[in-house]
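Chains as they are written, first to last, in this note's numbering: chain S, 349 to 497; chain V, 349 to 497.
Just so you know, the hints here were simulated from the structure itself, not pulled from any lab data.
Predicted model only: the values in this text are computed from it and were never measured.
Any given hint could be a false lead.
To be verified - Simulated coverage check for chain V against chain S, where a stretch passes if three residues somewhere in it have a Cβ under 8 Å from a Cβ of chain S: (1) 369–381; (2) 388–396; (3) 413–422; (4) 432–446.
Think of the CB as a built atom: it goes at the ideal place given N, C-alpha and C, for glycine as much as any other residue.
There are 2 protein chains.
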Amino acid sequence: MAQPPSSHAAPASAEAAEAAFYEALQRGDLDALMRLWSDDDEPVCVHPGGPRLVGVAAIRHGFEQVLADGALQVFPERVVRTVALGCAVHNVLERVQLADADEGQRYALVLATNVYLKGPDGWRLVLHHASPATAHEAAELLAQHERLH
Amino acid sequence: MAQPPSSHAAPASAEAAEAAFYEALQRGDLDALMRLWSDDDEPVCVHPGGPRLVGVAAIRHGFEQVLADGALQVFPERVVRTVALGCAVHNVLERVQLADADEGQRYALVLATNVYLKGPDGWRLVLHHASPATAHEAAELLAQHERLH
């Protein structure tokens, strides 16, 4: 069956690559997720509290484990961008919906750095470094939501 | 009194900027440390377990707190580099010597992502994202030291 075109198109910008990255997690689509990584270099991936994964094979294995229980409802917010020619450095606040949510806590907050480089096949991830966010970011997000609603 | 020239020279490479960054921490030299940051953009700094700091003023304040008890004996090891034109993405294993070390543990291990961009004033930091390392990295480092000694 044909894949949706967005899964195979070379990302034309770091924003497009980042949107595709979080959409792939939300669909639990490991192949689409892995197509977004650069295979030229030694990409690096750190999940919150996890070890450093270097290279696409280790990174793929890591995401297999992340997605073992199904898709991940994770939404990037409050992106801080630094952009140069052919390089984009994003730091995002990830809101991760918890499957077995108690009344009190519906989601976890994660700080993630995503670095994209532009290569012959469009913009690709070379690094994802995620770690738990703090009460500071939770308050920041809450304040933003209260302004919006 | 004259500063050593290394403190003011524009870093000619990402490696030079990274060396100067860790040397400034080791000397507890906040001014030298802050000269290594880009002031063009909104640089981002995350200390292990800490909030996201955006902009040089917040980053300076964060390092003031880090250095409040004196210099930090921190050594970067096992650097994984991805380099593009004008952009360098490093992930390092920081070995941080603990002041009040017990017999058992002499240092803490931290995973840090350092991103450098080349500007008119040489290579500058635009992002430092640090989080606690794991038993995996401790074992990796131990294995390396055993090979060397």
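Against the structure, the hints:
1. 369–381: Since 0 is below three, the answer is violated.
2. 388–396: It holds, with 6 qualifying residues against the three required.
3. 413–422: It is violated: at least three residues are needed, and the stretch 413–422 of chain V offers just 0 whose Cβ sits closer than 8 Å to chain S.
4. 432–446: Holds: 7 residues of the stretch 432–446 of chain V have a Cβ under 8 Å from chain S.
Checked against the numbered hints given earlier, this structure breaks hints 1, 3; the rest are met.
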